[in-house]
Every structure is written in structure tokens, then in C-alpha cells.
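Colleague: Spelled out from the first residue to the last, the chains are:
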Amino acid sequence: MQGITKRFPGVLANDSVDFEAGAGEVHALLGENGAGKSTLSNILTGLYQPDEGAIWLYGKPVQFGSPSDAIDAGVGMVHQHFRLVPPFTVAENVILGEHRPEARKFVLEPRQIERRVVGLGERYGIAVDPRARIWQLSVGEQQRVEILKSLYREARILILDEPTAVLTPQEAEALFGTLRTMAEEGRTVIFISHKLHEVKAVADRVTVLRGGRSIGTLPTADATPRELAALMVGREVELARRVAREAPAGTDSALEVEGLTVSGDRGEQAVRDVSLAVRTGEIVGVAGVAGNGQRELAEAITGMRPPVRGQIRVGGRKLRDGDPRAAIAARIAHVPEDRLGTAVAPSLDIAANAVLKSYRGPLMSRGPLLRWRAIRTHAVDLIKRYRVHAPGPHTPARDLSGGNLQKLVLGREFSAQPQVLIAASPTRGLDVGAIETVHAYLREAASIGVGVLLISEDLDEIRALADRIVVIYEGRLTGDFDPGTATVAEIGLAMAGGERA
Amino acid sequence: MSVNHGLTVSVLAQALAYGTPILFAALGELLAERSGVLNLGVEGMMLVGAVMAFWASQRAPGSTALALVLAVLTAAFAGVVMASIHAFLVVSLRASQIVSGLALTIFAGGLGLSSYLGQSLGLSDAPPVHQFSELDVFGLKDVPVLGPVLFHQTAVVYVAWAATVAVALYLARTRFGLNVRAVGEAPGAADAMGISVTKYRYAHVLAGGAFAGVGGACFSLAIAPGWNAGDSLVGGAGWIAIALVIFSFWRAELCLVGAYLFGGLSGGLPSALQARGYGIKPEFLNALPYVMTVVVLVLVSAGLAKRRLGAPAALGLPYVREER
Amino acid sequence: MIKVERRLEQPRWYSFAVPIASAAFSFLVMAAVLVATGHDPLHTYRRLFDAAFIGPAAWTDTLVSATPLLFTGLAAAVAFRMQLFNIGAEGQLYLGAITGSGVAFWLGPHHATGLTILAMCVGAAAGGALWALIPGVLKAFARTNEIITSLMLNYVAGLLLTYLIFDSASPWRDLSTIQTRSFPQSIALQPSQFWPNWSVSDVVLPFGFLLALAVGTGLYVLFRSTRFGFEMNVIGDSQRAARYSGMRTRRKILAVMAISGAVAGVGGASQVGDFSHVLDASPQGLQGASYGYTGIVVAALGRYNPFAVCLVGVLIGGLQNAGLFLQGPDFPSGLVGVMQGIVLFCVLGGELLIRYRLRVGRRRRVAPVEAPPAVEAAP
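Residue numbers (the working numbering), protein chains in the order written: chain S, 2 to 502; chain C, 199 to 522; chain E, 51 to 429.
Hints are computed from structural coordinates only; laboratory data are not their basis. Take the hints with a grain of salt, since some may be wrong.
[Claimed, not checked] Straight-line alpha carbon distances no greater than 35 Å define the calculated DSBU-like cross-link-like pairs of lysine-lysine that follow: (1) S/K201 with S/K61; (2) E/K302 with S/K61; (3) E/K302 with S/K385; (4) C/K397 with S/K106; (5) S/K196 with S/K61; (6) S/K61 with C/K339; (7) C/K479 with C/K339; (8) S/K61 with S/K106; (9) S/K196 with S/K385.
Throw the hints in and build the complete structure from the sequences for me.
Modeller: In C-alpha cells, the structure reads:
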């Protein structure tokens, strides 16, 4: 790829990026969130068209007008957010959109497809039941389906966007094996990540992206993590390390959950008999692979989802089930994982979103009437205090960047002086600067005595912040660790349901 | 005994006749919804189909059979034209599917285009030249019970059966069916695999329009041949068809069952009961299909809320690739 | 190739200019239709405009046509604002007419006009609200699709209206003379029960029209300044965000449906009290006018803003009045519906321009892609 430039309204996502990968290698694309990795890969797979620049495949220039052009040229992609159809079977997902002449039959022949899927799965060590429906599969299995989709189409170039974000450390190891097998066959594997140790572990060469530009390509064997980190962020950085907090956790209990069982969207038991406690000033990390009941756990504690069984107590007082207003009254702050879909009303402005929970109070309303002036002042204050970059209080929430939106949400939640903070994947999709800010706020919350429950799929994040780590697997807690002593392997095993502590 | 017997047979026979337009319209709506597009303009598309079919049957040359075929094709084409407005607004321009569909019904409906066409083409209360008449299939029409119900119907009834089977097989067994289901469930996934969300949505909304147009033609050529300048002809059948798609959990074969149930309620049962003079006021009988639609919808949606099955996940949502 | 991009900033004037430009565009489309059907568009527009808005007589008739549309438009706007698609204003209006007139017949002519009007409005509001609460309750407690239920109930309400006058000895029906027994009609209001009107420089302002403006103002305050309106905005934008922030969505659905139905119901009472003075169940009466459906057009064109809805209501009322006036061989009655549809389509399409920017770019030629050499024969 040469001189690729891609503009989005207000953003220059790729600025004449050069990138080149050889056949038979695993090539890492390293960069922090927002560096333009996903945009670049979406261009290579035909989802976006570049504004400038050209793509060369095996010495020939190509132009991809649509994803099917890229697929036909042998480019396959495993997106970070899987592009799978949940109610379909594995086999149906694999053949979806298949239009090569030999497959161009009007009537489908499921048997034949299933046989091929099984064959490919066995060969690359990524077997899945071809008749299983996607929604029944674990996230790791779903990723296998994504890889099978590309292999089925005989992709010569496979791009994986942050593939390990949804895996346990052990599953990630297995994936690396699969990727190496594919490279040995002469395929090109492009591995997108912002995690240095993974890049070191799997890639032959690495290209670093920063701020939409390519900074350079170097063999991974020669590079130290420190060098790579400096290239990635553009300055010398402290690698993620545990920062010991001065004020240790208190002894009073902030949040107690006892025997909690919660149903998921499909009626299955998403959370099973979970008990945990968070003390004041303590950060408890809930580690686990996505889709193991984290969302349902957070929603049950914050009243958004009525539990089937169990109790939730805040400061010793039992909480009314399934009533978000009761949770708000008990001063449980909630930073949900789906920022734009849950934490804000996206078309309403910052001012309205800043009082989404407090508009009922006497400060923001008088009788049935709202005090718009007070609301506006509050919003302006919040924007200033939490450094939300926005034109003003009347900007619609959906026009904020991820990091600024998260600052707005955190600011709003903190301004209610919470006793308990439930933060679900609070840094997902944010760039390094914003991640540091969010982490600082979480630490600050704990230091003033808030009990923080940090739910995250990013084990590094949890290890860096939490005073205590519990692991959730298939809705059950499968481990309780001290981050000072526990190893990644131990926690990873628990994340895979391996061992109960 | 024989009175009740005859009553049952005539109710069943009428159920099939009256259920047929609902079935066509429901199959069309099913196709559109499976691609993720809700089209609330069914009633309007049916009315335009009805008036255009009647017009074509008046003007078409040649034999009755040829005239009727041309008339039905005209109705289908009229439905496609109507549906294309909706498709352009919601697929290309991403307008609200609900408001656009309502706009289509108002535009095409009883006080809009269909009435305008009826007047300006001089169709109001014109006597029909051609109409569908009951066939005697395999000479079996005199077989007790089954004969009049199954073998003594108009051609559109049998075409509707074929259409049901075709739609069901298309969705379940073919490559295109798989693709359109993917577009309705997860357009992002379909797009990434090289399936054009836009093309599939256009194609199925237009096909839905064609089906609705044919459904309208059933009214003006088979059930009540003619055009009497008002929406009383179709009388909510388009809306019942939309409800039917929900009852049938987005499955063609269940649409057939539901359509005949509502055909019985809207055509067969009221006229049969009235003919027997049971002394039930016609208003109550005529309200039956509407009330039953509400009742069944409540039962189904109370169940759906628990299990969330059937509805295409992306139904009603515009697809925008470059949103970030 | 036309590409669609999200606008980063939406200038405020866009939300006024774009709908107006879209409406202007729709007149061009309509002109094409008129030319195609053998009309002179300028002449037709001229006649429409004259019949709707030139002279006190035209304005008087326009306000008569507009009054019910203001009510049904506001009724639809209240609900649609919260993404609650109540398309049952039609039936709720019938119910309001039934209960409102029923109250008047029951009270009889010997009360103060003001009291009669108040009682009629309360009765009509209750009738419309209860009818609207059927889909409301089903939506709130069984998650039933309100579009279909509210619409089905329109047909039921129409049949109820027919039944009361044509097919029963209901208290609404006038059974006092032989003539009314063979040609069914309802009891008529006595002149002391008529709703008043005022003449302002020869334009007759019906009480119902002023009442509708007052309702519109009240709704504006509700949306703009109250906690209730704030909650409606949040629920309309994101149900999840509403639940997240502890709003009682269910209660809001019920309340909004009730308000919507009540407004439509008062519209029904206004039809009886202001204009017809009887409960007209004939096909040319309430059921022939389809005020409820046109109200949806009015609400959508007014973008659910109460003041804009009132303004659009007057414009569409003018169009309907002119259509009625011009109705004849060269101006079929369906034409007005067609015009409304075209305006609505254009404005709907135009909304895209508020949120997105169109960019016309060169179409990229897609180079033919050669089939890749197989890496290795897959099993």
C-alpha cells in the first residue's frame, strides 16, 4: 500500500501511509487506538475507498470498489467486532456472500459446505461444529468462524484486527499457532494490535502507525518493547505497570452482592450465583472474556435488569431489584460499556446529558419545571472541569469523540458523589491519552472512598488498577486473585474456566 | 346438521378467497422485512394495484385469460413503482421507515393516488369486463367439503399457494435467500462479505410492492370485481397483512395459515352468519378481523417479549457503512 | 457517484431552510405531475392559492378545514416525538366526537354555553384518551406494536360510530320523527350548545381553532420547560438511556398516549360543537374526511414542533379547502392527497440533507481482479 490517505469528516484518519508485507510472513501493524489501523485495514478490504494512494497486490495495482472485490483478490479480514450473523449456523456464515463460479449455485447444499468447514477446522486447529448457531458459541469460537470464512475463500492475505482482545491468554497462544501455520503455507498474515508483547510473540516484522502516519517498519526480533512503545506513542513512556496507591482500601463494605443470578437476553442464565463484595476505596477488577455475563452483572447491580435471585446491598442496605432509580438514589454510579447507546441520549445536547440522572433533583428543577439556566451552568462547569473538548453545551452527545464522551459520562457520574462506581470496559476504543485520564479518574474515585467495580476484558488494565481481581466465566466467578502475586497464566486459566480458586 | 355443515364449507371456501389478497401482501411484506425494511405502505400499494389491475382488465385486448394475466402484471408493476418511492427514501436517503411508509399509504391510499387514478381513468362503478372465476380443479369441485373449499377457487388462490412455497424455499434454501436474511439480521456482516445491502434491500422492497399490487388485484378482479372509488375495497387488508408477518414469526408457511384465518374472519364468517340471520349486527361482525388482529398481536408479542424470536434484528434500521 | 457523509456541524438555520426548500422542490415535482396529466401548473397553483388564502371567505373556509387538522396534527406530534407511533388519531377523534356529543345531549340545552363546552371537552378528551390507552396499555405492558393496534382500532371506532347512528337505538340517535327513523341521524345540538365563533375583519375564527392554538402552546411549554417533556425527549431518543437514568418509561407511554388521544378527542368534539352540530356517521361525515391520517402528514411536516404543526395545519387546511372548492372533472378529489404525499416525501428526503452532506465524486473504475493463484489445494 502506497501513500494511502483517507479523510473522514473532520478527521484525517490515514495520512499518506505506506505499508508493505511479504508472502509467508506475519506482519504486525502496531499503533494505539485512533492511529488509523482499522481505517487502513478497512481500505485494504474494500469497505472504504482511499482518497489518495494505491494498493498493489503481488506487483499489480488493484482498486477495490467493494468488499467483494477484495475478497475476490484473496484478502480476508477478521474484524474486531465480528461480522457474523448471530441466528445463522457456522456453515451458513462461512458461505455467506460466496459468489465464486464453482459455488454459484442457486440452491444451497448444506452437507457439502459442512464437510469443508470441518476439514478446514481440523487442518488449522480451529474446529467448530458447523451446525451450531453463532449466538450459542463463545467469543473465541466465533473468532474461529471468522478465520474459517477467510480460509474457505482461500484468502492469501488475512488481516486480524485486535484478535486477542476477546481471548484468554491461553487462547491467544493457540491463535498464534494457527497464524504461524498459515504463514508457513505462504499466506500473508497482518496482525493488528496495540499490545507490544503479542507483537513480539507472533510477528516477523512490524509497522508502527501513529496519528494516521506510518512511522516505520522493522523486524520484531531487533526491537525492544521500549523502542516500539516510544515509536507508537511518540514519546518515552512508562510501560503499563502497577502503580501502588497510597490510600489502601478501607474496611467498610461499599457494595455486597449475594447469590446473584440474572437472565440474559435469550432467557439463559447469564450470571449464576455470584457473590462478591467491594469495600470503600477498593477497586475490584472483574476479568473475563467478553460475553461471560459481565454486562448482565453490571446491569443487575445498577437496576437495569431485574435479577432472578440474589441480593444487592449498598452500604449495608438492600437495594430494590430492577429499579435503576433506586440504584441512583443509593448513589451507584454506572459507566456502561455501550457509551453511546446507553450512557447518553445521543441526539440530545451535552447540557441535557449532563443532567440525565439529576434533572429530578431540586437543583435542576422546580416542581414540574426544569431550571434550564442551572442546567446550562452545570454543563459548562462539567465541560471545563473534566476537559471535555466540545464547542459548547449545545453540541449533541453523538458528535463527541469516544474519549470526550467518556469524560462527560465520568464527570456526570462523579458529580453525583457516588458510593459505588460500576465501570464496564471504560477505556474500550479510547486512545492512550484518554485511557490515562480515565484510569486517573478511577484511581481518584477510589482514593476518596468510592468502591469501584471495574469490569474489563483487558487483563492488563485490570492488573494495573485493581486491588483485587475476580474472574468471571460463563456467569460464575471462577477465581479470586491478589494482583500483586497472581500470574497471567493463573488468571488466564480461570478466564477459560479451568480452575476454581 | 346439514345447515351447519353447509355453513362450515362456505366459511372455509370464503376464508381461502378472502385470505388470498392478505396472503400475497403478507408474503411481499415478509420479503421486505427480511431484508430489514419495514414498509407500512402496503395498504396504499394494494389500492393502487387494485385500481390499475381493474383498469388494465378493462382495456386489455384478447381473451379473458390473457386480459387477466396482463391485469395482474400491471398491478404488480404498479406496486413496484409505489414501493420504489419508499425504497429510495429509506434505503438511499435513510428516511424514517415508519414515517415514509405512512406517507406512502397516505399518498397512494383512498384519498390519494388510487382515488385520483380511479376518477381520471373513468373507472368508478364501471362494470367489470373480465374477472377471475372459480375453477374446477381436477373435476373435484363436487367432492363433499374438500371440493368447494380446495378445488373450486379462483386461479389467484392457487397462484398464492405456489407463491408461498416459492418464498419459503427461496428464503430457506437458496443462496440469495441466505444473503437477504443476512442483510436483515446483520447488514454489517453481509456488507463485509461483499453482499450489497443496498441492492438486496431495493430488490426485496420492490418485490414486496409487486406482491402487494397482486394482492390488490385479487380484490378488484376476483373478490369484488370493480372499482368503487374508496378505500372500502381493501379495507385494512394491507394493515392486517403487516400484522400477519409478525404473527407468523416472519415465516412464509405460517403466513398462509394466518391469512386464511383472517380471510375467514373478514369474508367468510360475517357473510355466512349474516346470511343465516343470527341477528348479530353487521358492525360487530365487521369489527371482528380488526379486533382479532389486536388480540392475536397481543398474545404473540407477549410471547415474543420473553423469547425475542423471529424479527430480523436490523428491521427498521438504516444501514450506514461510513458511520464512525 | 454520490457519497453520503455525516455533517459535523448542523447550522441552526438548516432545520428551517431545508424543509422549506424541500417543500419548494415538491412544488416542482408536483408541477411535473400536473403537466403530465394535462394541467397548466401555474394556473392550477394560482387557483389553489386563491381558493385557499385570498379573501375572508377563503380564509374562513380554510380555518374550518384546518381546525381538525391542528388537533390531529398535535395529537400525532405528541406521540411521534417520543417515537410512539400512534396512528389512531382517526379513531380517537371519532370517540371524542361520540363522547363529547353524548355529554352535550345528556346535559341538554339549558346550561350555560361555557359549561356545556367545558363538559363536552372533558368528555371528548376522556373518550379519546381511553381509546388511545388501549394501544398504550398494550404497548407498555405487552410490548405490542402500537402502529398496528392503534390503526386497527380506527376501523373499530368507525364501525362503532356507524352502529350508534345507523344500527341501534342508541341515545345518540334521533328517534323523534318518522323521517329520522327511516333516514337515521343523530340528535342535533341546540343553538345554545353551539360553540361560539368570532368575526375578525370578516374572517370567522371558530372557537375550536383558538382552542387548538392554546393546546399547541400548552404542548410547547410541556416539551420545552418541564421534566415530563425532558423525559419524553430522552425516551424518544434512546429507550436504553431512559432506563439507565431511571425514567419510568411505562408510565410515560401511558401518559403520552392519553394526552395524544385526548387532543384528538377534543378535535372530535370541536367538529360537533363548532361545525356539524350533529354526530355525523355518514360516509361523507367524519369517516370520509380522514382527519387523523392527514394529521400525521401535518405532524411530520411540522417536525413535531407544536407551533410548526399549527402553521402546517393551516397550510394543509388551505390546500384541502381549495381542493374541495375546485373539485370537479379537471380537479379530481384524489389530487389533494397526491400533493400531500409528494410534499411529505420531499420533506422526508430533505431531512437527509440536515444530517448528512452529499458529495458528488468521480466514480472509481474498478480494475478487473484476477482470480488468485491457489495457495495450496484445500481439502
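Colleague: Each hint should be assessed against the structure and marked as holding or not.
Modeller: Cross-check of the supplied hints:
1. S/K201 with S/K61: holds, 31 Å
2. E/K302 with S/K61: Violated - the C-alpha atoms of S/K61 and E/K302 are around 61 Å apart, more than 35 Å.
3. E/K302 with S/K385: At roughly 34 Å apart (the allowed maximum being 35 Å), S/K385 and E/K302 satisfy the hint.
4. C/K397 with S/K106: holds, 19 Å
5. S/K196 with S/K61: holds, 32 Å
6. S/K61 with C/K339: violated, 70 Å
7. C/K479 with C/K339: holds, 33 Å
8. S/K61 with S/K106: Holds: S/K61 and S/K106 sit about 31 Å apart, inside 35 Å.
9. S/K196 with S/K385: holds, 32 Å
Violated hints for the displayed structure, listed by number in ascending order: 2 and 6.
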